[in-house]
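**Student:** Now for the letters of each chain:
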Amino acid sequence: MTSYLTPLLGGLAIGLAATGLLYLLGRIAGISGILWAAIAGGLSHDSGWRWCFLAGLLLGPLLYHLVTATPYPAAPAAGLPFAVVGGLLVGVGTRLGSGCTSGHGVCGIGRLSVRSLAATVTFMATGIATVYLLRQLWGLA
Amino acid sequence: MRNLAALACGLLFGVGLALSGMTDTAKVLGFLDLFGHWDPDLLFVMGAAVCVTLVSFRFVLRGKPLLAQAFDLPTRKDIDVHLLTGAALFGVGWGLFGYCPGPALSALVYLEPKTGVFVVSMLAGMALAGALGRRLA
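Order-wise, the sequence lines are chains P and W.
Under this note's numbering, the letters of the first sequence match residues 1 to 141, in that order.
Under this note's numbering, the letters of the second sequence match residues 1 to 137, in that order.
One chain only, chain W, in its complex shape (with noise of 0.2 Å):
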């Protein structure tokens, strides 16, 4: 039931990242290029997900979630030097390519090579990023 409700939920995003255009690369670049020939559209896309977010999540949280115990929630609230660094880092490669995480898996069923490499990169950098962490602590 779990597994059902997830696929549910990925099937509804990806549908989502598909449709709003976040998986055309052309289209976030140009949302990206504030400075040069700015095409607004993708405002739209996470303007209407943050709405529904902070209103729906509201709602949720005074509950208990369905199909789990608990809510699994960070509970973090620093904003420390990895938190920052990454980021910036994060959107260095999203300008660079046009794909952050998400549109990037939902754009591996394009079968372009170029995605694919982009993909193996990521999980690489991941990888790559524990081991920084180690040696960092």
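So here's chain P without its partners, still in its complex pose (with noise of 0.2 Å):
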């Protein structure tokens, strides 16, 4: 059962740093749509919040293991071709799509919006098949 804990609680932060994003800023905290518009904004004025999220989202990860002395996890298996077509693949499919697991999944669904649900239930399910042609079909990874 504790397994079940920490993703709860983490799940628990995430939906509640997206209700402060909302409620404070107005915006939908979808990560790879503020990543993405950071970068093309630049530093311009507009952009300084995104830039301070981002900051954020680093910060808290190493907070979390100092404070609380929980080792890092370990290194991705996959390797360095599994990082640059898969990294390649998230981030067109990211923008084409409009939004990744948090813009669509946490924030849309949150939101009732059909268009995130759909999205949301197709990355999921290229996900599950990736995995399974990958481990069960050709024993890889």
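Hint data in this document are derived by calculation from the structure and do not stem from the laboratory.
Check the hints yourself; a few may be wrong.
Claimed, not checked - Only part of the chain W face toward chain P is listed, based on derived beta-carbon distances under 8 Å:
no., residue
1, LEU32
2, LEU66
3, LYS114
4, ALA131
Claimed, not checked - Cβ pair distances, simulated, as ranges:
no., chain 1, residue 1, chain 2, residue 2, range
5, P, GLY139, W, LEU67, 25 to 35 Å
6, W, THR75, P, ASP46, 17 to 27 Å
7, W, ARG58, P, TRP138, 38 to 48 Å
8, W, ASN3, P, TRP138, 38 to 48 Å
Unchecked claim - If you want the footprint, here are the derived chain P segments under chain W, 3+ residues with CB under 8 Å:
no., segment
9, 42-48
10, 60-74
11, 130-140
Where is the CB? At the ideal position from N, CA and C, for every residue including glycine.
Two chains, two frames, a set of hints: combine them into the complex.
**Tutor:** Structure below.
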């Protein structure tokens, strides 16, 4: 049962963070969108909050591991080609599909957006299918 | 003030990602391995997060944002080919390495070179999608 506890608490923290951003700044906490808009906006005044949010996204885990003395997770097992191809597909896909797990999954479903629900079901399905092909059929990864 | 608020929200989001196990690719791929050795733990991450937003967004959206003039929300409602193709490609990339964008950025602090390569590739993919979108349009 304890293995469910940290995911549950982590999920609550993510939900509260998304609620906070909506309540305080009126914005959706979609990481891929915030990241790309920050880069596209550069250091313009309007993008300041995005860079601050992203800074927090990096500081959060650092603080968590430091304060709780939890060791870092093991390095990703997948090799470099998986990092390159996986990264490219995540980048292309999240821009083409206007969002990722946070924007569509956590916030979009929270807003009862059918568009986001369709996106979430789609990326969950292809994610599961990809792992199935790699592990069960091809014995990779 | 807005920047401080954004920093605090990002911080809480990042703590949530690390605490939940989303920054551990083995955990994520185990969760996606539905037809193998399925590890259901991460179901609780999305489940808990969505339970919060489903209730809280209802209340928040009734009023006005505290530090902005108005809410800035996505307006599109159509389910088009771009959305589904994009989501499908994103899922494949997620399943290949084990990171979606948030956890990938958070995991940069672990200073694992492969994660850095993943994030750089992700940014290249985002830039490429812009060029691709312009050609399609």
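**Student:** All the hints need checking, so say for each whether the structure fits it.
**Tutor:** To see whether the hints hold, each was checked on the structure:
{"no.": "1", "hint": "LEU32", "result": "holds, 4 Å"}
{"no.": "2", "hint": "LEU66", "result": "holds, 5 Å"}
{"no.": "3", "hint": "LYS114", "result": "holds, 5 Å"}
{"no.": "4", "hint": "ALA131", "result": "violated, 10 Å"}
{"no.": "5", "hint": "P:GLY139 - W:LEU67: 25 to 35 Å", "result": "violated, 52 Å"}
{"no.": "6", "hint": "W:THR75 - P:ASP46: 17 to 27 Å", "result": "holds, 19 Å"}
{"no.": "7", "hint": "W:ARG58 - P:TRP138: 38 to 48 Å", "result": "holds, 45 Å"}
{"no.": "8", "hint": "W:ASN3 - P:TRP138: 38 to 48 Å", "result": "holds, 47 Å"}
{"no.": "9", "hint": "42-48", "result": "violated (count 1)"}
{"no.": "10", "hint": "60-74", "result": "holds (count 10)"}
{"no.": "11", "hint": "130-140", "result": "holds (count 6)"}
Checked against the numbered hints given earlier, this structure breaks hints 4, 5 and 9; the rest are met.
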